[in-house]
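Produce the entire structure from the sequences given, and follow the hints as far as they go.
Counting with mature numbering (1 follows the signal peptide of the UniProt record, and there is no 0), you get residues -23 to -1, 1 to 397 for the letters of the sequence shown.
Be aware that one or more of the hints could be misleading.
As the list claims (entries may be wrong) - With a straight-line Cα cutoff of 20 angstroms, these simulated PhoX-like cross-link-like pairs (lysine-lysine) come out:
id, residue 1, residue 2
1, Lys335, Lys321
2, Lys122, Lys50
3, Lys335, Lys364
Since the hints were derived computationally from the structure, they do not count as laboratory data. Bear in mind the structure is a predicted one, so any value in this text is a computation, not a measurement.
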Amino acid sequence: MESISKAYLIFLLLGCLMTQTNSLTLDEIKDQIVNDWRSLALELNPFELGGQIFPTYVRRQWNFTSDSEFSMKIEIFNDHSGSNRRQTYEGSGIITYQGESSSIQGAFLCQFNLNKTLILTLHTDEVVTQFNQIQTEGITWVKDKPQDITLLAVPAFNKLAGQPLVVYDLIYFHDNYLYMGEVDAFGNVASLEQPPQGICPPLIPFSDDTTPLTLEELKEEMVTGVWSSIAKEVRPGFDNQGQVITIYITRELSFPDDSSFDLIINRFPGPGQTESLLDFEMIGSLIWEGDASSVVPGAQFTQFVVNEVYLTPKSEAIVSAFNQNLPAGVDPFQLNQRANLTQKDFPGLGLSKDEQVKENDIIYMRQNRLYLGARPVDGSRPYPIEKRTYSLSDDLVDPERSASKGVIILLSLVIFSVWI
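In structure tokens form, the structure reads like this:
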């Protein structure tokens, strides 16, 4: 009987471990969401105006007082200094859950109805002028003066009189971090018809007081993992005419040692697709450039220098497209065959035999998460140093490290069970 009890306990523990590795149910999300949340660092957001895409920086705070009520504060800045505010939104209301995301397993589309309060403050003369030029009634905008717009019309973002602002977003949890959604590379607002297709950098609990890693601790930790995307990432890319488009990728990053890297980027045809169009691999050296605590405490400035480049086309359409007008010195591509593009001209991927690819970046680690710097909103590489974004990209996690922690806990409990 004693051995049966022990076996049953082990079975239950295994079940608990398996449950922890699966996505949260809606009820579990509702339990976990009740907390105060904040941005880890200033977040780089695209802003499209007149056919051009400009960078803005955002700081978010969300307080979920229950699974159906919230308050929020969103500050928008003109640059990464965190001092030149452009707009501030403060509001509260109710949240309703619309259903599971078709793009991200375990994420739920939600409606946020700001029917209690919505206060908007404009912080620059330029924005005040823009708002006043198209404001028809009810408000005269004044710099740094909070304006209650809960039921007022605001033509600047198509808000109607007598109706509260209603917006849509995703709610998703990975471990103990909260993620919300991203629609595309242009900063468009989500709707039922155009739901988010990716996730933003995470929000962390206000109570999270994780101690930043030193440079040596960061180097020791990063080389022990293979760091992968949590979900498909929404990124700016280019079409055949050089115009910015939305692309969908996943990343897998490893460090053979603290001065080298291997990065594989998988590009997908759409957010819900599982078969990649191509795999793009870069191998190179890593140069440490100094403390980046101005971005987030514990971050380090780095430069990635690419020494080897490989491309593996995964679809016949990509093979056909790449084989048209092949540059001199590039052999025809073959399906699922890894092609070496090191020191070769390939304008379609921004490669030149006379120019080594370099990127001015950031590396930051927090718990089982690794962050690089955010990409410039115009789709270009963060090089030269003036193009560094001073913000964090979506986080990468090491799945094996997460699993191994669970196994260690499980084995400890199993060993303990032998003695009871």
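Inset, instruction - With a cut-off of 20 angstroms on the C-alpha distance, tell me whether Lys122 and Lys50 pass. - result: holds (16 angstroms)
Legend entry - Holds or violated: Lys335 to Lys364, with C-alpha atoms at most 20 angstroms apart: Holds: Lys335 and Lys364 sit about 12 angstroms apart, inside 20 angstroms.
Legend entry - Distance restraint between Lys335 and Lys321, which requires alpha-carbon spacing of 20 angstroms or less: Given pair Lys335, Lys321 holds - Cα atoms ~15 angstroms apart, limit 20 angstroms.
Violated hints for the displayed structure: none, as all numbered hints are satisfied.
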